[in-house]
Each structure stands twice: as C-alpha cells, then as structure tokens.
Amino acid sequence: MSPKGNQSANPKRNKANARERNRMHGLNHALDELRRHIPLSSWNLNSSFPIINYHHTMMMTTTTTTSSSYRTNHHHHQTKLSKIETLRLARNYLILLTEIVHYHQCYNRLLTGQILAYGLGQQSLNQLATLLNIDGSIRSLSEPCRQVQAIFAKYSII
DNA sequence: TAGGCCATCTGGTCCT
DNA sequence: AGGACCAGATGGCCTA
Numbered sequence: 001m002s003p004k005g006n007q008s009a010n011p012k013r014n015k016a017n018a019r020e021r022n023r024m025h026g027l028n029h030a031l032d033e034l035r036r037h038i039p040l041s042s043w044n045l046n047s048s049f050p051i052i053n054y055h056h057t058m059m060m061t062t063t064t065t066t067s068s069s070y071r072t073n074h075h076h077h078q079t080k081l082s083k084i085e086t087l088r089l090a091r092n093y094l095i096l097l098t099e100i101v102h103y104h105q106c107y108n109r110l111l112t113g114q115i116l117a118y119g120l121g122q123q124s125l126n127q128l129a130t131l132l133n134i135d136g137s138i139r140s141l142s143e144p145c146r147q148v149q150a151i152f153a154k155y156s157i158i
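The first sequence begins at 1 in full-length UniProt numbering and counts up by one.
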C-alpha cells in the first residue's frame, strides 16, 4: 500500500519493516566491503594489489562514497559500481586470481583487462580502461578474445 | 523521455 | 510466535 515513507498502522508490520530495512543495510554494507577489495572502486597507487600494480602505472583516484549517496562523485569523475556490476567484477577478479595462482598463468595487460571486463557495462568498461591505461576504444575490452572466452566457458559462464 | 538503479514496503515461506 | 529471507511492487533520482 505504501511503498515509501508512510508508516503502517500495524505495529507488527512497522517492526518487520524496520528489521527488513536493517537487513538490507547490512547487505549493502557487505557490498561496500566487497567493493573495497575489487578493482575500480577504491584502488589507488598505495593499494596492495600486486596483480594490477605490477602492470599499471596509472590508477583511479580513491573515493569514498556513502551507500546513501548517489553513485556519481563529481569531484573525481568516478562512479560507484552498481550492485550487479560489483558482483560481476568480483566474479571476474576471482577467476583472474584463480587462473594466475592455481594454473600459474600469466596475462598481459589486455588479457587482464578482458578478463576483468567480461560481462560488464559500458561505464565500468570505461573506468577499467582508464585504470589499466588501455588506449583507444573500450572495444578491446568489450570484445574478449578466444582465450578469454575459453576461460569463462571453463567456469560455465557464457 | 526511457531506462537503469536504488530504497522501501509488503506478504509469503521457512526456520528456531 | 517471532525473526530471517525472499521476491514483487512502487516511486524517486539520475543519465544517455
């Protein structure tokens, strides 16, 4: 009846709504924590992510945004990853690390970018291209080569 | 203006 | 019974 703002007349319902709000805040907090550990959101030159630092000299500026604020930080021209993009990038990052650690694979900058970029939206691709200092259009990231396609096929991701 | 993303409310289901 | 979890609905904000 009142999807936003209004309090229900039912005290039980109000209590349940408060619990649900709290639960979702917890979920969002966990997502923020996840964002801190994947590329794009909060990486900087002092970050301790050797996989990327090894390859790249130019990093995005660190930004802290509250979960309540909107996703765009106009001062730093950086946007907060959406929930779905956060999960996709986290998945890609796990796959990249798995390939490196478990299978002793070594990827150049473009392949690294294509793995991280797999399935991401245009805005994330742009940020990723900047992070990885990849010149030219983001097409090189959005069109994965056969090797990258094979990696994701291995994990049943199409 | 349409579409994407988000927070919130809500009722249903399952668990303790 | 009460709480946790989930998915659908709704309305607001923002960008392309």
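Since the hints were derived computationally from the structure, they do not count as laboratory data.
The structure presented is a predicted model; accordingly, all values stated were derived computationally and were not measured.
Please note: incorrect hints may appear among the correct ones.
Below, simulated DSBU-like cross-link-like pairs (lysine-lysine); rule was C-alpha separation at most 35 angstroms, straight line [what the hints assert, rightly or not]:
1) LYS83 x LYS12
2) LYS154 x LYS83
3) LYS83 x LYS15
How the hints compare with the structure:
1. LYS83 x LYS12: holds, 30 angstroms
2. LYS154 x LYS83: holds, 25 angstroms
3. LYS83 x LYS15: holds, 26 angstroms
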